[in-house]
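Start from chain F and add chains X and D according to the hints.
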Amino acid sequence: MDIAGAFSYHNLIFIIKGFGITLWVAFIAIVLSFVLGSITGTLRYMRIPVVSRILGVIVEFIRNLPLLLILFFTYFAMPDVGLKLGVMSSAIVGLAVFEAAMISEIVRSGLSSIPKGQVEAARSSGLTYTQTVWHIVLPQGLRRMVPPIVSQFISLLKDTSLAIVISLPELMHNSKIVIAQNFNYTLPILALVAVLYFAINYALSLAARRLENKWG
Amino acid sequence: MKKRSWMTLGVALTFLATVWLAGCSSKEGGNGNGASGEPASGTASALESIKSRGKLVVGVKYDTKLFGLKDPASGNVEGFDVDIAKALAKELLGDETKIELKEVTSKTRIPMLNNNDIDIIVATMTITEERKKEVDFSDVYFKAGQSLLVKKGSPIKSIDDIKKGTKVLAVKGSTSVDNIKAKAPDATILEFDNYQDAFSALKAGQGDTLTTDNAILYGMAVQDPNFEVVGEPFTDEPYGIAIKKGATDLLNSVNAGLKKLHDSGEYDKIYEKWIGKAPSGE
Amino acid sequence: MPDIAIFTDNLEIYMKGFGNTVWASVIALLGSFALGTIIAVFRISSVKPLRWIGTAYVEFVRNIPLLLVVFVFYYGLPSVGVTLSGFICGTVGLTVYTASFVAEAIRAGIMSIPAGQTEAARASGLTYMQTMRHVVLPQAIKIVIPPLSNQFINLVKNSSVLGVFAGFDLMYYGDQVASKTYATFDTYLFVAALYLVLTIPLSLAALQLERRLAKNG
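Heads up: the protein sequence lines correspond to chains F, X and D, in order. For what it's worth, my numbering labels the leading residue of the first sequence as 8, then goes sequentially. For what it's worth, my numbering labels the leading residue of the second sequence as 221, then goes sequentially. For what it's worth, my numbering labels the leading residue of the third sequence as 10, then goes sequentially.
For the record, the hints were derived by calculation from the structure and aren't laboratory data. Ideal Cβ positions, reconstructed from N, Cα and C, are used throughout, including at glycine. Hints may contain errors.
[What the hints assert, rightly or not] Computed footprint of chain X on chain F, listed as stretches where at least three residues anywhere in the stretch have a Cβ under 8 Å from a Cβ of chain X: (1) 168–181; (2) 184–195.
[Stated by the list, open to error] Lysine-lysine pairs mimicking BS3-like chemistry, simulated, CA-CA at most 30 Å apart: (3) 25/D with 353/X; (4) 306/X with 24/F; (5) 224/D with 123/F.
For reference, chain F alone in the conformation it holds in the complex:
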């Protein structure tokens, strides 16, 4: 083990740069997947004929594939349908689409957990169905969804590491390059990487718990 060598100034800067990419890609993908997942999840809950069914099938399909494979498709298959993306964009799109499918399912089942009686009561008091969903079901459902959605965000942050297969220069990729310089760097560098991932994800989960207590 060579701790001093592993943590040289250049290596640390290089790893921090990778961490920056990880956070950036995760942030964009989190925003996109949240928007996309909430919309599709709500549409599925509303049981609009055909639309909900088709969305349901697409979501099931994506949810049941390994993310590794989806990243490969966004990188190599998108150009076939006329969408050429760089490494970072394909990583973001792949992550966003996959996690949106997961969030869609969380949103759908979260909304379904609101008792039907409430919907009926709202409807009989004169609200339209859309109004009922918007004013009654969504606000309550969203609170229940906070914990699973935040764990999904944590998953997303961890999953950015899989973009290593399309050579995204994120945290794992850069740490691998540092390790390749010298085998004795392996354990110190892996420990550092673990601490970085842990710090950010643990902070996220603590924030989620606080939010949960506040609302719960």
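Just chains X and D now, with coordinates in the frame of chain F:
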């Protein structure tokens, strides 16, 4: 409930089949364009689109010492392939800085070229008959031969020492995999995404030897002197620059560029900088 | 048309990978269930050090990527003298990683059993272990099944990281077919289809189980 689940499964499979068909037909469409040489997608006019863009996009390795290696300290990608690519950019566009490098691995380089992600591949790529069906190659710009890298003191001294159960590390999508399967059919071959992973695996003792072109192996031995290249090269690996099929004008200017580099002595300079004096017999 | 020949010509390679993916998943499933149960029991144990170990395990492992876990086994362990194959490292890594989620699901299930029941069982003379085995766990299992089945579907998908460590799984052999045929898109579509063959029936079964439990509960 049950009926509905099966229905969902049915719809899912139909969806899968549709995606499949869509993907394939669009791909066939792409190939069709290539053959007929549609001007916009830049096959026949590949050179013009590069010139109007003012930038040559080159796929190089980022993990291969001496050929294309990303230096953590500077963030630059450096090596023989990179310098050749820069010199070609100078020949084509008049300025060696009019270049964009993209990381490729042996596994990703051909799909990336065919997807128009990159204009040319300069990435330790051996010219083979199989690959000629997929891409066009320039004239040979480097002559390598496949060899073995082992930890110093290893009982493996040459290809003949590879026996049943010997773990040989290689890189996905490289010619070395096919060659070693032919020369040492009993070996257990473990394939990795790139050379860095394969070399890390060798250092970690996950395999007995790493096989690829000697030029790349020498680079690894420079990186970590605990390892050495053993035995004579057992194949010829002529490297070529790969260009999308049908881009004849680009191919011609790359070949013209290579010839100029040889004539001007620029090639020898790059060779000496990275590889050393041109070794005899190569 | 998709080139079905890519699949039929390489059927043997695909099936080898498929078989290993199934193997790795089954081993990791059993392993992570066993390990996860032990850690869950640690987490709610009245012995402080055990509780601390359990909590540390879950909080730490849950918050780092699976890829990193396998990386440590594959590239890290050899530097302390232990070298294991890609398949073993991948499967063990998958087990260790999934166990943290399994533990959390089981703990939540156990916690949902009212404390009064445990107290009653203890008061009627059962030991702590007996109370767990006969009173708490059988009830907790029902609550735990839906989140657990989701974890196991994730496990099957996550087994694809073996491909990065020469683990001879479906992803690994898919790469081999792709580099042989150059038909990247088609090759991976067949890989996708094979993953779906595993995960979609699992998802449907999980959904049914969930509904049945919801009805009975």
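Here's how the hints hold up against the structure:
1. 168–181: holds (count 4)
2. 184–195: holds (count 8)
3. 25/D with 353/X: holds, 28 Å
4. 306/X with 24/F: Roughly 26 Å separates the two Cα atoms, so the pair holds.
5. 224/D with 123/F: Satisfied, since the Cα-Cα distance of roughly 16 Å is no more than 30 Å.
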